[in-house]
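Chemist: Single-letter residue listing:
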Amino acid sequence: MPSTYEPIQTTTLSSAIDNVTFSSIPNTYTDLVIVANSKNVTSNANYLGFRYNSDSGSNYGYVYLLGSGTSPAVSGVGTGTTFGRYGNGSTANFEVSFLNIFNYANTNVFKTSISQSNAVANYAISYTSTWRSTSAITSVQLFTDAGNWAIGSVFTLYGIKAA
Amino acid sequence: MPLLTTQSARGFGFDKYELLSSNSYESIQTITVGSTSQASISFTSIPSTYTHLQVRGILRSTTATGTAFMNFNGDTANNYTTHYIFGDGTIGVGAINPHSGMYSALANNAASTFAVCVINILDYKNTNKNKVMLSLSGGESNTNSGGTYDEILSGVWESTSAINRIDLIPAAGNFAQYSSLALYGIKG
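Residue numbers (the working numbering), protein chains in the order written: chain S, 1 to 163; chain Y, 1001 to 1188.
Source of the hints: derived by calculation from the structure; they are not laboratory data.
Relax, there's no trap hidden among the hints.
Rough simulated footprint, nothing fancy, chain S against chain Y, three-plus residues with beta-carbon under 8 Å:
#: 1; region: 1077-1091
#: 2; region: 1127-1138
Stretch-level coverage of chain S by chain Y, calculated; a stretch enters the list once three of its residues show a Cβ under 8 Å from a Cβ in chain Y:
#: 3; region: 59-71
#: 4; region: 96-110
#: 5; region: 127-141
We put the beta carbon where it would ideally sit given N, CA and C, even for glycine.
Please construct the entire structure, taking both the sequences and the accompanying hints into account.
Modeler: Dropping the structure here:
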């Protein structure tokens, strides 16, 4: 059987910037995965945001589940927002975030993603986000809600091809 | 599958992301629901040539939001246990023990909106272990009720049998059109 989990593009920051865009994403896969190993230089950053196909309309929503070492865990929702969410805004360490985007080229369904991330020494968090559009995703812009990402932050896009 | 080095998984060595093997993650089968809804999605005759299995995809129910049950090898006796935590704006936790299937993946019901899942089933053919799975699942339907969840589920099948079949069954109704699950094999 063919191997099916393939790296498409990697961006490693050589200067501190606040966004990264994967464009011209081929439609030859079933799912996409974005792995981020990022650190923010600003202490008031809270999350990584994303937009598909440059859509900045109120077409996104999210729900999250967060554990910080205190009880109970925390959950929140945001609806009618202008971007999806994943990841954190850690400044202490390079954190790890995995974003799974499902059926990104399927024009019959809204696009939903799920992510898991850590903010080292702070919390672990899981997000589900939906983009209320049936358009095929051709680009993903990632951005931080405040400040810049530090030099050395790495963002990799993978494609998963189903049989 | 792009398994990460231990170093990078810990958040160190940010330049160390790498593929351990580009040939270790393979697509086995994909099932997509057509215009006629389905009471279940079944992967049968699963080969024994992998170390782990992963099921991932999108699910929608024809009637109501709920978490689909998963069975192995056609076993519908009370041999399964699930523990879960979810967030829908508030926190919920629970256990299903024992039960005829394990909670595995959300299927929501909002129009055009499909819940998603990544289900990892470990050491599926090892006849010395009961079988365990970890699932990450969620759905978001532009409301804080009725289809907006983010959940983590862990389950065990109290059997040492090698897994050769997986069935997913919606908690309510049928799986709606365009629901789609793909089964992957991960080599060790």
